[in-house]
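2 protein chains.
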Amino acid sequence: MLTEKTVTQFLDELASNSPAPGGGSVAALAGAAGAALASMVCNLTIGKKKYVDVQAEMTAVLQQTEKLRKELALLIDKDTEAFNVVMAAFGLPKATEQEQAARTAAIQEATKSATLIPLQVMKTCEQSLHQALIVAQKGNKNSASDAGVAALMLQAGCAGAALNVRINLGSLQDAGFVQQVTEQYTAILQSALKLSREVLAAVDSTIGAN
Amino acid sequence: MLTEKTVTQFLDELASNSPAPGGGSVAALAGAAGAALASMVCNLTIGKKKYVDVQAEMTAVLQQTEKLRKELALLIDKDTEAFNVVMAAFGLPKATEQEQAARTAAIQEATKSATLIPLQVMKTCEQSLHQALIVAQKGNKNSASDAGVAALMLQAGCAGAALNVRINLGSLQDAGFVQQVTEQYTAILQSALKLSREVLAAVDSTIGAN
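Chains as they are written, first to last, in numbering that gives the first Met the number 0: chain A, 0 to 209; chain B, 0 to 209.
None of these hints come from the bench; they were simulated from the model. Each hint can be trusted.
Pairs involving identical chains hold if they fit within one copy or between any two copies, as the list cannot separate such chains.
Below are the DMTMM-like pairs computed for lysine to aspartate or glutamate, each with C-alpha atoms no more than 20 Å apart in a straight line:
no. : residue 1 : residue 2
1   : Lys140    : Asp203
2   : Lys66     : Glu12
3   : Lys4      : Asp76
4   : Lys140    : Glu56
5   : Lys69     : Asp11
6   : Lys193    : Glu182
7   : Lys66     : Asp11
8   : Lys122    : Glu70
9   : Lys111    : Asp173
10  : Lys93     : Glu108
11  : Lys4      : Glu80
Using the sequences and the hints, build the whole thing.
Below you can see the structure in the form of structure tokens.
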């Protein structure tokens with residue numbers, strides 16, 4: 000599993016001449032790091048006298064961000080696995096017409112699955128951004144920059160996953176699936192962009208103008 | 000070292016109630032992942048018949064992105080180390096006036112160092128974006144989404160490091176240092192934003208409108 004490799008090994012594998020892991024897994028990693036930073040700010044807020052009023056809310060947020068972080072961490076490996084299934088389908092025999100038809104069907108099916116993984120990354124990043132906004136508005140102000148980096152990572156993870164959704168949609172023949180996923184990813188991307196801007200505005204007002 | 004931990008361990012430490020590692024290390028990690036993705040696209044371009052015309056250029060880009068990736072990976076740990084020095088300075092005794100003065104001076108000095116690390120992350124991300132643009136324009140078109148995710152990570156790394164520069168500048172008394180660093184980080188941030196938009200425009204025209 001990619002997540003059981005060291006950070007150095009992960010970066011080495013990323014840079015290598017193998018197409019997986021690639022941008023899809025990195026998008027999920029960015030999301031997981033963003034959710035983890037949101038959790039950190041919760042943990043640095045809970046139990047502090049100054050923030051006693053938001054203790055219950057931060058505890059609830061932390062439960063969510065930890066759940067979302069673990070889901071995003073799993074998606075790091077799921078994205079690479081889904082890509083490998085697509086590659087395996089491309090490797091199927093294509094000598095006869097029957098083989099060609101079976102190969103095309105397998106490629107289409109695998110590409111659909113490989114599209115739904117980054118779509119899930121997008122959804123999970125967007126859900127995490129809702130939590131990051133609460134963290135930026137009500138969490139420990141000493142950690143304002145961490146809340147901001149959380150939002151930047153979640154937004155980049157969402158936008159990066161969107162590129163992976165799009166490049167896969169480009170090779171799919173099922174027009175209904177393409178339209179449905181296009182509507183979904185467009186709406187998620189818009190919402191994520193709006194939320195990340197709101198988080199960064201809250202962070203800006205805390206850090207002040209330097 | 001953080002980079003010798005597994006990805007899972009790194010995310011667990013990030014989410015914990017310790018302020019380091021935090022957003023500064025994550026910004027460096029995002030930059031390192033972005034540079035690694037740019038390297039990957041170079042590696043998937045070099046040696047391909049279709050891209051024989053850009054072989055020499057991609058080899059030169061790869062040399063740069065690998066150098067920048069290694070620098071960014073080192074900055075993951077350097078940021079946390081610099082933060083820990085600041086925390087140690089806050090822990091110095093403050094019983095006498097002399098101790099108070101020494102403590103304040105140590106905090107100021109450590110905070111300056113902790114400001115220059117994310118500034119270096121910003122510079123290295125911006126330099127990597129120059130390379131990512133060549134990769135997006137001339138690299139293997141099958142990896143267009145990877146070039147796009149590279150740019151998103153480098154841009155988020157740069158913007159995230161900028162938040163860390165700013166939060167540190169806010170507690171510094173040396174007006175000359177503050178002004179000099181403010182001018183530098185503002186210029187780098189503008190350049191990085193422009194470059195990442197250019198990369199994403201190139202990626203968009205490759206992936207097409209979906």
